[in-house]
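From first to last, the protein sequence lines are chains A and B. The first sequence: position 187 = 187 (our numbering), numbered continuously. When you read off a place in the second sequence, starting at 1, and then add 1000, the result is the number in our numbering.
These are calculated hints, taken from the structure and not from any lab test. Hints are supplied without guarantee of correctness; some may be wrong.
As the list claims (entries may be wrong) - What the simulated footprint calls covered on chain B by chain A, stretch by stretch (three residues with Cβ under 8 Å from a Cβ of chain A suffice, anywhere in the stretch; the number is not a length):
hint: 1; segment: 1003-1013
hint: 2; segment: 1231-1242
hint: 3; segment: 1246-1257
What the hints assert, rightly or not - Beyond 12 Å from chain A on every Cβ pair, some chain B residues (computed):
hint: 4; residue: Gly1030
hint: 5; residue: Pro1117
hint: 6; residue: Val1119
hint: 7; residue: Val1128
hint: 8; residue: Asp1166
hint: 9; residue: Ser1188
hint: 10; residue: Ala1265
hint: 11; residue: Asn1342
Keep in mind the model is a prediction, meaning the values are calculated, not measured. Here a beta-carbon is modelled for each residue, glycine too, at the ideal position from N, C-alpha and C.
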Amino acid sequence: MPTVDPLLKAEAISKSFGSGDSLVKVFESVDLTVLPGDFVAIMGPSGCGKSTLLHLLAGLDDPDSGVVAVEGRSWQGRSLEERARMRGETIGFVFQFHHLLPELSVEENVALPLLLAGWKEERALGEARECLDRVGMMPRHSAFPRTLSGGERQRTALARAVVRKPRLLLCDEPTGSLDAAHAAEVFELLTVVARERAGAVVVVTHDRAWARRCATMLHLAAGGLNPSVEDGPPGAPYGNPGPSGSR
Amino acid sequence: MALALLAGFQGHIRERLIAETPHLTVRPEGRGEFLPADGLEEKISQLPGVLRVTPFVRGRVWVTQSSRSTPADAIGREGLSGIVMDPPLAGALALLPGVEVTLVSSRTRLSPLGPVPIVLSLPLSGIVPPVTSRRKPELELPIAEARRLMALPLDAASGYEIRMKDPRDPSRMAEEIRLCAGRGVSVSTWEDSNRPLVAALKLEKIVLFTTISLIVIVAGLNLAAITAVLAATRAGDAAVLAVLGAPPSTVGRVFLAAGVLLGLAGTAGGAVFGTTLAHVLDRFRLIPLPTRLYSIDHVPFRLEPADLAAVVVLSCVWSVLVALGPSRAVARMNTVEVLRANG
C-alpha cells in the first residue's frame, strides 16, 4: 500500500496561557495527523481549547512545546510574512461568526483571498462567482453583508474559505451562530464544497449529530486529543474512512 | 486662506512701494553730484529692462513760515510746480496748501556782505502722506528750484531714480548698473530703501507659515487619533485579513492607505475650499475696509501657488507620518488575541 504524506501533522503540542500562579494549561501532548481527503470533527467541552488548537494548526499562534507542520513544513521559526504566505496558499478558515468585511460586496469578500494573493481583479471576481454559485449565493453576489441573513453570511464565508482551493480547510464552529435549519444547510454545503475544492477538513463543532457523520471524530480534553467513543459510525461518513483517517 | 490673506495685503503693500518709490536709485560716491558730462544717465537708459531714468537733487533745508521753522530733507524732482510735503512737516508749521513757504538752504552764495544762505519761496501745492515711514520729514520741490537752492550747476543731479519694466527682482539690474557705471557710484534698490518694511513683511510671512505649520501638525495629530481609533475598531477585520493570508506588511499598508487617504481628502478639501473662498472674497470684494483708515477699500486675498504647494506638501507628508504609527501597530497585532476578542 503506497505511503501518503500527511497534509497536517501536529506532534506533542501543548498550550497554556498566563504565567506563575495564573498559569492555565489548555491542553498537553496533542497529536494529530490529517491526510488528504480526511474529514475530521473535533469535539470537546467549552474552554477545552478547540479554537486554540485550530489557531495553532493554522500557524496563527505557537505551541509551548511540540511541532505543527503543514505539508512537511513546520510553522515554527518562520516569520509572520512567511506564515501568512503559507497560510494563504494551503489553508482556508471558516469562523463561527462570518467576519465578512462590511464595506465589500459578497463577491468582493469572496474574491479577497485571491486579491491578496495577487490575482487580477477580473479573474478573482470570476473565480469568486463560481464559488458563490456552488454555495447558492450567486443571486446575492452584489449584496452587502449587512443585508444578508445569518445563513447567507456563513455560506459566503464558506465560499471565501474555499475560493483558493485550500489543501486544508479549518472550520471553527461554523454553525455555532446559526439555528438548526440553517446549521444543517451550511453543514451539507460544507461537505459538498469541501469535497470539491478542499483537500481535507478539520471542523471544530458542538453538533454531535453532524460530527458523527464525519469519518473521524476526535475529542479534545486536558489530556489530549483522543478518538471519540462514537467514532466512525457506519452509514454516510464524510472523508476517508477507517485507517487512513486522522489519528 | 490665512496665507492668501497675508499675500493679498503684502502684495498690495509691495505694489504701492513699487509704484511710489524709485525701483533703483543711483548716487555718486566720493563726490557731490553727477554732471551731464558723465553720460551716466544715457548709459543707464540704454540698459535693457530700464523704463525711465530721472535725475533728482537732494539736500537739507530749513522750512520757515511766519516765525516758525523746522529742518527737512528736500528732494527736487521733475514734473513738480510747487512744494509737496509730508503731513507731519506741514502740521508742525501749520501750513495749508496754497500758502507761500520759504526754504533756506544749508548752502551759501556770495553777496557783497559776504556768504549768505540761499533762500527760496514757493507755494505749497500739496500735502501727501509718505508711502513708508521716514526717519525725517521730507518735502519735494521742482528740480530746477532744488538746483538753485543747493547751488548746483544746471543739469547737475544728486542722483538718478530708475524705473524698471519688471521691478520684482531689482538686485540683478542694480548689479548691471554697477558694472555699467564703474567705480564711484552706489546703487540701491527699492527693497534697500524700504529694508525694515521688506524685512518685516518677510518675517511676518515666516511667522504665519510657522503658525500654519503648527495648525497642520495639530490637525495631523487629530488624524493620528482617528487612524488609531480606526485601527482599534477594525482590528477584527485586520485579523481576518491575516487569517486569509495577508502578510503583516499588507495589513499595515491597508491601514496606512486609509490614514493617508483621510489626510489627502482633508488636504484636498481644505485646499479647494480655501482657494475658492479666497477667490470669491477677493473677486467680489466681500470684506470692505474703511478707506479713511486704509489705503485699500477691501480685504485682498491673493493665492500664491508656492504658498499653496508648501501647505499641501506639508499636510500630505504629515498625513503619511502620523498614519505610520497606527498602521504599524495593526501590522504587529496579535491575530489570535484579536480573534478571541472579536468572537
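Now the hints, each set against the structure:
no.: 1; hint: 1003-1013; in the structure: violated (count 0)
no.: 2; hint: 1231-1242; in the structure: holds (count 5)
no.: 3; hint: 1246-1257; in the structure: holds (count 5)
no.: 4; hint: Gly1030; in the structure: holds, 77 Å
no.: 5; hint: Pro1117; in the structure: holds, 91 Å
no.: 6; hint: Val1119; in the structure: holds, 90 Å
no.: 7; hint: Val1128; in the structure: holds, 68 Å
no.: 8; hint: Asp1166; in the structure: holds, 54 Å
no.: 9; hint: Ser1188; in the structure: holds, 65 Å
no.: 10; hint: Ala1265; in the structure: holds, 16 Å
no.: 11; hint: Asn1342; in the structure: violated, 7 Å
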